[in-house]
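*Asks:* Chain by chain, the residues:
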Amino acid sequence: MTAFGKVSLRGNILQRGRSKERSRLLVFNHAVLLLLTAFAVLPLLILFFNSLKTKAEIGANPLGPPNQIIAENYINAWEQGNFATTMRNSVIYVVVTIAAELVLGGLAAYALARKKPPGSDLLMLYFLVASTIPLWMYIVPLYTQFRIWGLVGEVHGLIIIYIAGNAPLTIFLLRSYMIDLPRELEDAARVDGANELQVLTRIVLPLTKPGFLTVGLVVGLGVWNEFTLALTFIYDPSRAPVTTSFFKFTDRFARDWALTSAGAVIIIFPVMVLFLALQRQFIEGLAEGGIKT
Amino acid sequence: MRSKQQIVPYLLLLPALVLLLVFNLLPTIATLVESTFVISLRSGERVFAGFANFERIFNDPIFWKSLQVTVVFSLVVNPLQIALALGLSILINQRLPGIGIFRSIYLLPVAVSLNVTAIVWRLLLDKNTGMVNGILFQLGIERQPFLHSVDQALWSIILIASWIGVPLWSLFILAGLQNIPPPVLEAAKIDGANAWQSFTRVTLPLLRRVLAFVLVADTVANFLLFAPILLTTQGGPQLSTNLILYETYRRGFLYGDLGASAAMLSVMLLIVFVIVGIELYVLRGSD
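Chains D and C, in that order, give the protein sequences.
Every letter in the first sequence is one number past the one before it in numbering that gives the first Met the number 0, and letter 75, counting from 1, is 74.
Every letter in the second sequence is one number past the one before it in numbering that gives the first Met the number 0, and letter 286, counting from 1, is 285.
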């Protein structure tokens, strides 16, 4: 501890000598940061502005804030875009996929991280290969097969594809969380007479909660934003998620930027709030487990 | 008891293995098989044709053009996104006043879906009403056609993909940066390392595994870019944004030529495997 104290003291003396250079660096840093945030946020801000204008005003004033706020755009978009139904559908796709994925991936990751059965390396390779297969590789045969099984157009059919597609990443991430847990805790529980299931649910799960949160967020974000599979497998508008239904909505109201902008904001807003709220835990979760330096 | 102990791990792995087998791997193999079949013009039946589909696409200038577009796109977009994500992550990881707000805003696009992004940017890049042209106009620069120009469309796609891509990969790099203990960097400073030296000698080596993951994931993701093309240029103008994945879609879904589409996908998968293999080999570590 004292060694670090000395080190940082000497560091400070050095830094004071460079303070002029440092303040110039600070100005440069802030300039880059401002540019960066502008690039990130301006498109969103303009989208938001346009969602509050009339069609005519967007034509005359496509960039600036609205002269008069037209909140009805949101009501119209909500009704015309059938958002009450599609939002509910998207929540179902996301929640069921996350829940199933965490159970399935958690079991597999636990087996790979803790039990290391013979052939583990081969299985890891299998998951690695599977994770690089693009969905276009299997979408046509899968569609043919789904027609035979009567799963085309079914909610659970699409969810199964999501679960399978997200499994490799989930298993990789969860495995790297579990591999770092101290084994002594589990052994102590076993000595105390806990069976395997109790070890898993009472010891391993609570300790890897940040990992599950991070994986859940990654999978959830992916499913909420997924487009191609939903477009291919779900026709019935009453079962469609927001992404594909918004795509059709923008097609239908291609000339009405006010309405489509309001629709876009409706889709972005809930995810953005969730992301902002969980961002810190998310990065920490990644730092703790999934991403090892 | 002992044999039961040995079987438990496989039982835990079974659901994931079966799901992947049935819903990913078997259909993928079916596509590979399909690439060797054609629909006979005479009987309308599916007949085995060996490498006929491959011969057909290898003699097709549109396929080569799409491969060329994909190579150019990948060679620009991947280094660009990773370099920017790395630089900006380091910038955003500093302890500066108000950095938390910058970080949150910078990472915001990650939450937006790729197809909403494409739709928004199509609006922003519009020749007459778009924001970008509005700003250029204010600066006294001529209005640009962007997505409607053979020369600019691919660059516009790169811009759209990077709007999400750069902050997305930053998330992972930021997580990696947070794992570097501050004393390590301070020690480098004491030993007289300047900022560049401590970056190349300390930060980069410690980020190797994160960067390996990001490089592989980014390469695959950009190889598979689809929704932004469908929603903006549809491969045009004059096939200038016709990435190979979009070409397989055009061939298979729009023209109904599943044999050629499957052949292209097989070639594509081989390319992805080779690239990922090379990347993993180059970035392999001692562990």
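No wet-lab data here; the hints were simulated from the structure.
This structure is a prediction, so every number in the text was calculated from the model and none was measured.
Treat the hints loosely; a few may be bogus.
Claimed, not checked - Listed below are the simulated SDA-like cross-link pairs for lysine to any residue, each with C-alpha atoms no more than 25 Å apart in a straight line:
id: 1; chain 1: D; residue 1: K247; chain 2: C; residue 2: K126
id: 2; chain 1: D; residue 1: K247; chain 2: C; residue 2: G191
id: 3; chain 1: D; residue 1: K208; chain 2: D; residue 2: R238
What the hints assert, rightly or not - Covered, in the sense of this in silico footprint (three residues per stretch, anywhere, with C-beta under 8 Å from a C-beta of chain D), are these stretches of chain C:
id: 4; segment: 27-38
id: 5; segment: 50-61
id: 6; segment: 86-97
id: 7; segment: 103-115
id: 8; segment: 147-157
id: 9; segment: 164-178
id: 10; segment: 258-270
Just so you know, even glycine gets a beta-carbon here, dropped at the ideal spot from N, CA and C.
*Asks:* All hints, please: hold or fail.
*Replies:* Consistency of the hints with the structure:
no. : hint               : verdict
1   : K247/D with K126/C : holds (23 Å)
2   : K247/D with G191/C : violated (60 Å)
3   : K208/D with R238/D : violated (32 Å)
4   : 27-38              : holds (count 4)
5   : 50-61              : violated (count 0)
6   : 86-97              : holds (count 5)
7   : 103-115            : holds (count 13)
8   : 147-157            : violated (count 0)
9   : 164-178            : holds (count 8)
10  : 258-270            : holds (count 5)
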